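Chemist: Each chain is listed here by its residues.
Protein chains: 2
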Amino acid sequence: MRCITEDQLEDIAIGAGILGTGGGGDPGLGMLIARTAIRQYGPVQVVELSDVPDDALIVPVVAMGAPTVANEKLPSLEAMTLAVKALASRTGASATHTMAIEIGGIAALLPIAAAAELGIPVIDGDMMGRAFPELQMVLPSLFGIPASPLAMADEWGNTVVLECRDNRHAERLARAVCVEMGSSALMALYSMSGAQARPAVVSQSLLLAERLGAAVRAARAAHTDPVDAIVGQLRGHRLFLGKVTDLVRRTEGGFARLEARLDGVAADEGAMLRISSQNEHLVAVRDERVVATTPDLIIVVDSQTGEPITTEALRYGARVTVIGAPCDPRYRSTAGLAVVGPRAFGYAIDFQPVELLALGLAGDAPGQGPR
Amino acid sequence: MRCITEDQLEDIAIGAGILGTGGGGDPGLGMLIARTAIRQYGPVQVVELSDVPDDALIVPVVAMGAPTVANEKLPSLEAMTLAVKALASRTGASATHTMAIEIGGIAALLPIAAAAELGIPVIDGDMMGRAFPELQMVLPSLFGIPASPLAMADEWGNTVVLECRDNRHAERLARAVCVEMGSSALMALYSMSGAQARPAVVSQSLLLAERLGAAVRAARAAHTDPVDAIVGQLRGHRLFLGKVTDLVRRTEGGFARLEARLDGVAADEGAMLRISSQNEHLVAVRDERVVATTPDLIIVVDSQTGEPITTEALRYGARVTVIGAPCDPRYRSTAGLAVVGPRAFGYAIDFQPVELLALGLAGDAPGQGPR
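The listed protein sequences correspond, in order, to chains X and L.
Per the numbering used here, residue 1 is the first one in the first sequence, and the count goes up by one each step.
Per the numbering used here, residue 1 is the first one in the second sequence, and the count goes up by one each step.
Don't take each hint at face value.
[As the list claims (entries may be wrong)] Chain L residues, not near chain X, derived (Cβ > 12 Å throughout):
| # | residue |
| --- | --- |
| 1 | 203 |
| 2 | 204 |
| 3 | 309 |
[Said to hold, decoys possible] Selected chain L positions facing chain X (Cβ under 7 Å, derived; list incomplete):
| # | residue |
| --- | --- |
| 4 | 41 |
| 5 | 159 |
| 6 | 160 |
| 7 | 162 |
| 8 | 164 |
| 9 | 169 |
| 10 | 172 |
| 11 | 177 |
| 12 | 180 |
| 13 | 265 |
| 14 | 269 |
| 15 | 270 |
| 16 | 271 |
| 17 | 272 |
| 18 | 274 |
Please keep in mind that the hints were generated in silico from the structure rather than gathered at the bench.
Note that the structure is predicted; figures quoted are calculated from it, not measured.
C-beta: ideal position from N, C-alpha, C; glycine also.
Only chain X is shown next, with the shape it has when bound in the complex:
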């Protein structure tokens, strides 16, 4: 039986930060909550997606809200349990397993805490393989799995149960409730059976996060390059080495929007990279050429330490390495790109796989300009 103990939380948190691609909130806060829960209730059993019984009832949990609020007020484990119970009371069935919605950011660790408190296993998997800002942007949406019935709870003990016509309605209604819950709501949603989960969920993402974290820590200890460790684990590509020379931020429609300009250093001297972010880093353009777009992962890390840098934390003058890595292949389907492709976020760009862009093999796409 595989378990998660306190010892693994730090590695998972580092990996979750990298997989957050700039968003997803601070996994360090999730680590604190998971550590407290494991100390109180003991280690958490981890179950492979392939081993989950067909008739298991997987109830994923997540915190919704502004990352800036989470920094000041930890998501409440009590409210998370309340949300799970409100959902069970609606459906008449109790969760046999829990799971992460997204492996990027704080959301990777909250299900571990919930599993400890509820005394159920956590699935080694998640619904994105990264982070995205909205509820309907998960892979199970592509498989017709509904977000609702969806339960929300807040620190005052209020609960709200939504049943929505589709996952976009669920996102909009839940977001409105979240704001009134002080921009800090705990949720139980996307209940699914083991049989439903297998084709629709990313497998072994907790393991990937943990390996990423372990590789970064090992590289730091051995004074080797932590960026190599990340690129290796993610089958990724170094897109740029530079320093931040311009930042334009605005908060709009609940998104932390950022346009960053990086000027190249060392091998990239003389080149320029622009990154466009909406919570997550979504588009990277080198000089006039698109080098990576959502849903592929665009990861910005400190060039020295490999520490991931969030959209909020990116600072003028920072020396960073930008890594591109392929997303889960299901997101590259027509249905997937309709939900999380560049056009879904308002960019007039067609998706091209980062590995082809990196090798110069991608077809010309609008906005890509001459090469």
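Chain X is already provided as a structure; the job is to place chain L on it using the hints.
Modeler: Only chain L this time, still in chain X's reference frame:
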């Protein structure tokens, strides 16, 4: 057995408009919905509060949202039924009766439609005896009756069930959901037993609305003064006869705010009345003297026809009569005034009963100035 048929709806609608004190939405729209339902399902049985069994389950229904939206898109009877069913599915108990939250405006008539469709009786009563803009402003709040579990539904078939710590939380969360439901949500809330309802609800308010409407129509037919008919039914007072000479409107925090100035005509020649409204008319000041405040009823009607004029519909140059009438005595308690007194709406004025103000018997109150 007392029933409501199509024939009574017009009188009830006129009366509901008068009792709306400027707010509550257009009862004419409620009349259309109730008429359609009665034509389809037959007359609706009306039950006196005194005859409701102690263990009856009364489930009131109401539409929440902007009156301007209701004008363009009728509240959906289907969504109202869906809300009632979502609540029943949450609580495991089906409504035996329904009731109005407020007798002012459109809300007076929707429960009649719901009763027809659900095949249950409607209580001859409501929870305000007038209209107020927020959910917690009902008399049952003073008796500790919770608004939640509270179910909401929209025209797309989305449902939301709230369970809230208190009625103010319920108001805030429901309001946020309502906005995302296109500012047009149907709700089932404040479930209560017959025994709970008796001390906490205003009795015979459907009858009052119907009598008001009948009296106004009779006066019009007989060419007598419809304002006399209203004043008589409500044990009210003519506060002012004037014409509108200034209007300042703004929409703020979901309220239609209005400051109106009336210059006196006939017996009130030379005097001036200011009316301050937030959806409902809340304060009337004649020259420098307060003559009526919330929770007492301030009713503005066309001087010729007795037709009530809403806050949105008040127009420059209109010749109107302003009537003051006592509210339900329970609102005049300390607990009641804390929820719906002038200070609850941001006015630095203490409540004085309209009948004492009218007779010059009220004590001096801040803001009242010299007499």
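Chemist: Determine for every hint whether it applies to the structure shown.
Modeler: A quick look at each hint next to the structure:
1. 203: 32 Å, holds
2. 204: 35 Å, holds
3. 309: Residue 309(L) clear of chain X: closest Cβ-Cβ about 33 Å, beyond 12 Å.
4. 41: This interface hint is violated because 26 Å lies over the 7 Å limit.
5. 159: 5 Å, holds
6. 160: 5 Å, holds
7. 162: 5 Å, holds
8. 164: OK, holds: residue 164(L) within 7 Å of chain X, min 5 Å.
9. 169: 5 Å, holds
10. 172: This hint holds: residue 172(L) lies near chain X, its Cβ roughly 5 Å from the closest one there, short of 7 Å.
11. 177: 6 Å, holds
12. 180: Because about 4 Å separates residue 180(L) from the closest Cβ in chain X, which is inside the 7 Å limit, the hint holds.
13. 265: Where the cut-off is 7 Å and the nearest Cβ of chain X is about 47 Å from residue 265(L), the hint is violated.
14. 269: 50 Å, violated
15. 270: 49 Å, violated
16. 271: 44 Å, violated
17. 272: 41 Å, violated
18. 274: Residue 274(L) check fails; min Cβ-Cβ to chain X is 34 Å, beyond 7 Å.
In summary, the numbered hints that this structure violates are 4, 13, 14, 15, 16, 17 and 18.
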